[in-house]
Amino acid sequence: MSDRPFWAHEDFTGGRPIRVEGGGIKIHSTKGAVARQWWSSRFLAVLEQQGIGGRLSRGKNYARSGQIVSLDFDAGAAVALVQGTRPAPYRVRIGMRVWDKQEWARIEQALAADAWYAAALLAGTVPPEIEELLGGLGLSLFPAGGSDLSLDCSCPDRTVPCKHLAAVFYLIAEQFDSDPFVLLELRGREKDTLLTRVREERDRAAGASGSGPAALGDLIDTFWETPEAGPPTPRPPDTEPDAVLDQVPEPSMRGLTDALRPIYRALADPEQ
Amino acid sequence: MGGVLVVHALHSPGRGVLLWAEDGDRSARSSRTSVRTARPHPFAVPSDELAAVHPGRNASATVLLPSYPSGPQDSPGLVRATARARTRSTPSLTPWTVPAVLVDSSELTDPSPDVRYGAGFLHLAELRRFAEELAARGRVLPVLTTQAGRPTARWRPVVQGLDAVARADLVRRLPPVARSEQRRPGDVSGADPGELVDAALLRFTDAAVRERLGRSPTMPVPPPARPDTTASLLHALSGPDPRIPAGDGVGPLRSALAEWDGVGREEPGAGTALFRLAEVSTLHDPADPGPDLEDQTGDGTRWELQFALQSTEDPSLQFDAGDVWDGMAEDLVAGAQDVLLAELGRAAEALPGLVPALRRARPEYLELDIDGAHRFLTRDAGALLAAGFGVALPRGWDGTRALGLRLSSSATPAPGAVTRGGLGRDELAQFRWTLAVGDDELGEEEISALVAAKAPLVRLRGRWVAVDADALAKGLDFLRRSAGRAPTVHDVLAAARGDVDAPLPVTGVQARGRLGELLAGTVDRELEPLPDPPGFTATLRPYQERGLAWLAFLSSLGLGACLADDMGLGKTVQLLALEAHDRGGADPAAAPTLIVCPMSMVGTWQREAERFAPALRVHAHHGASRPRGDALHSRLGEADLVVTTYATATRDAEDLRQWRFHRLVLDEAQMIKNSAAAASRTMRSFDAAHRIALTGTPMENRLAELWSVMDFLNPGILGVPEVFRQKFSVPIERHGDAGSARTLRRITRPYLLRRVKTDPEVIDDLPAKIEMVADHRLTREQASLYRTVVDDMMEKIEGSDGIERRGNVLAAMSKLKQICNHPAQLLHDGSPIHRAGGRHRSGKVERLEEILEGVLAAGDKALLFTQYTEFAGMLRPHLSARFDTEVLYLHGGTPKKRRDEMVARFQAPDGPSVFVLSLKAGGTGLTLTAANHVIHLDRWWNPAVEDQATDRAFRIGQKRSVQVRKFVCPGTVEERIDTLIASKRSLSDMVVTDGEDWLTSLSTAELREVFALGSDAVADPENDDTGDEGDGDE
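Just so you know, the protein sequences line up as chains R and S, in that order.
With the working numbering applied, the first sequence corresponds to residues 1 to 272, in that order.
With the working numbering applied, the second sequence corresponds to residues 273 to 1306, in that order.
In case anyone wonders, no lab produced these hints; they're calculated from the structure.
Since we're looking at a predicted model, the values are computed, not measured.
Some clues are possibly wrong.
[Claimed, not checked] Per the computed footprint, the stretches of chain R lying under chain S, defined by three or more beta-carbons under 8 Å from a beta-carbon of chain S, are:
no.	region
1	135 to 143
2	148 to 157
[Stated by the list, open to error] Sample of chain S residues lacking proximity to chain R, with all beta carbon distances greater than 10 Å (derived):
no.	residue
3	S347
4	R444
5	S461
6	A497
7	D567
8	G662
9	S897
All C-beta atoms, glycine included, are put in the ideal place defined by N, C-alpha and C.
Please model the entire structure based on the sequences and the hints provided.
Next comes the structure, spelled out in structure tokens:
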């Protein structure tokens, strides 16, 4: 915190922030509301409930004018550098309570049991029912309030959230719009890990062994038998006998493909 | 050996195909009890014994088998003489050593009938066949490996797309016993199925390629004489020895081949969801008397929208969602499960109704009720397709099968319902409109089922049809309104061309009986022949009888008819027979029939009418002295046939329009091909109860001409020209559209009858030789020369006698014949064949050109005989230039060698088509069967001589009928002598013996009569003497 009088702060003097060299990360929305999707709006509502008045619109302007230098998602937190009026950018961290292993395991189970959630998330939307699902597990997708959310900014503004935090909120909300998995990442699970776990859970629930073939010892009942045939595979299309040579990359040894062609033709019709 | 061996096979990577076998005659009990280390299998067959069935190298293997404490489990195929003691213990996996035989993989495809085979053997045999198939399709690539320190060339499989699906299935279906080899002590998990299958496939592929190449006479590629790495590779790949001599080139070769290692091992690609509407069984137990609550279709089936994943790169790769959840699509579509989930999620945005089906762990399908199925077919499927998803609809679904109307006759008309040549009221009364789907007419029950159906999707005869209740109501209303009102022939024909005012599309017209035959264009074959027309003297050929019946039939229906028989098939005779039929029977007092033809045909019509239908009164309406106004009217009142030319008819249109003719006949109807020309408009303006067009040109390919002739015959039938152009001319002529051509043929065929000379039924009917007279007129120049010669020569004849008179008679004869050929032939002045401006000086040459035009257009060949070498000498260059074709000419002075050469060239299929021969030189000895037209340009009046000439073409080797034309100019010696011979029997004998000498015995008065120029010899002086082109707008 600064030892300067409060009126010397840029928030009060209205000093202009330093432009980010080469342009920072900008939100795409150029006017009006930032979040287009309900889940992003819900996330922003958490910010707006804090009642920070003018900082909100200043934060939005920061986000629009590209004052955010970087944004990274870490386990349970979004960390950003925001360029303010001082030469060194402020460090902003928005942390959410990370769900623990047991909580995630229950979520993964639930997602594996009802494909609709994963399908919708993968298609880029958050089904509203997910709140109900998480509520049933005693969890909430959105931060329930101050205790569920930790907000830090290295700026001198004593008020939390400051406009720098607000700017990062807007940027995150816009990312949520297009990739709802970011929301879950803030709760401690990366998209790929989550999908893999859900897949394994789905396999496990279906009684499949998961990864790898079944051990021979588990197959004693059907040891001597051939598993039932699937539907017949359609016949591959007829191609020229040497079609594969037209498919391979041109080898570094010139003339090799053409030297091989007679063998392929003899192969297709050896009696000729 | 009592029991039957059970042979097992497994692929041992690094070793090859291992066979081992159980023998039911051996004791099942193991003498040892160790569980940790492998014990000898108690009833496995010794290697030597197995090698007697499948020869190979002795080996042994350790296999993990389900076992009891006492010993290994019997495989299911094993039969024992004495049953094993029963055991209650559950089997567990235990290692056993078995004697084995290491065999060539070809043993897998050569099973012995004396043993049984386990599942592993059969599976490996299937793998081997798969490898053979890959080899046969060339799905292989060479690799360079190192074996025992030497570079070795091997073949590996290239498994992609559908082959990858087949491989995945082989992996899935690998029986556990095939994985039983224990590679390391203590390992009990069994070999990995994927690795095992791939290793076996690699080995089998190399073997299969070499085996196939071994059958090829061109393989192996010989080893190189000098070191050459590529040649060594080819030799090693195509022969039995895969090794390559080490050398400098091996390194580059190895790296070159390594560049192909990625082929067939690509990362899995992208996928899209496929939605398949399917009808599945409700699985209702037929023994259960209770209602099948799930039955939606009445056939024990219900609807499902099944989910599947489809490879984007190869859409034939499709995996049911169930298989995707089982992990079977992972090798072909990257992240297949998540791709399917994302696709389903995206589809649910387009189709929210999908959501309930997704609310489970492994969504595979959406249950649909019948409305849902209909909604899917008619709406949702389109939405999914538009959103980029694949959609598969049930077999038999065809969105184009909509409800329509069909006009059909319900029953075969009773015999007698058809009047002779016409259509009875009864036949038309049989017609009624029905509702139809596609070609399927709906019966009363089906219609009531449709009306009662609450569902919009109804199965009709095994296929699904969407039914629009509104369309159904309109259709039924139309049926009610049209009930009890028999359609007219015109209604039926109009419906057949889709020209009807109905609330639903007309999907077809189904007519039986005469009308059906008429629509199908086959009515001429089915009509009964008419009785011989009264007073008609010619005997019609069977095909001409059919033509007559057809003309009479269409006439009775008031339908205009186009008789488009090939040139020479007797269109004139058929028309005359029709007139004789009408006037001799049904309508003796009928108004006259107006026949419009080119000038050159007027005489033919007159002569043939006189010859075949002498009772018909013919008025040839042409020439300057023709009657006009009232005179014409009184003349017409007394005539049956009025023959006129296009030009005269156009000129006298005012007078002719006063009449309603019995029939209007256009001969050479292609004359009105330009529908806007004055003559065409005039012909359309004439009033007649019936119209007939005669033409020898196939009109199907000349659409403007077809439109014009058809519109003349049946006004409005092909619509207005602009629409016709857009609907038919452009698609057919510019784009060769077969569908439009078919539609046009279907519309026109009831009114068009065309037989060609090559029609089998015409050939059967034809005499092999058709003789006819070719009519021509003299030009004014010819006529005046003719008169001069007659006056001059008659004077000389009168003033001479004896040998001198005889000479004068023959000279006169000769001169007149020459004039009929061409003026220049008499004048010997080498003057040109045409007058300035291209006008003809000879009516005969003009007519000859017309005939040759038809001959050449048909791709036929013609022989032209003349007595006069001078005429032949004139004709040859002229015809050659006129038709831009080579014309051969053979005369008495042609050397033998040249003559043979000409004959050979003419006989060749692509040789010249016109051959001019002098009657004397060419009349005997030659074989010219390539020609099917013989034209006698001038007459010798000796049938024997003429026949002999004709026989050059009409002789053994001739496969077609031969048309023989003899030129005759009416009103000249050509015609007079013809008539004289026909009327005086005694003369004909003289002719045979004496040639023209008999003429000298005629009296001077008789000669004057023979030589005098008749008024009909000259072309209509009012028309230009190039003939009559008729269009009048030149």
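Hints, verified against the model:
no.: 1; hint: 135 to 143; in the structure: violated (count 0)
no.: 2; hint: 148 to 157; in the structure: violated (count 0)
no.: 3; hint: S347; in the structure: 5 Å, violated
no.: 4; hint: R444; in the structure: 6 Å, violated
no.: 5; hint: S461; in the structure: 5 Å, violated
no.: 6; hint: A497; in the structure: 16 Å, holds
no.: 7; hint: D567; in the structure: 25 Å, holds
no.: 8; hint: G662; in the structure: 16 Å, holds
no.: 9; hint: S897; in the structure: 79 Å, holds
When the structure is compared with the earlier hints, violations turn up for hints 1, 2, 3, 4, 5 and for no others.
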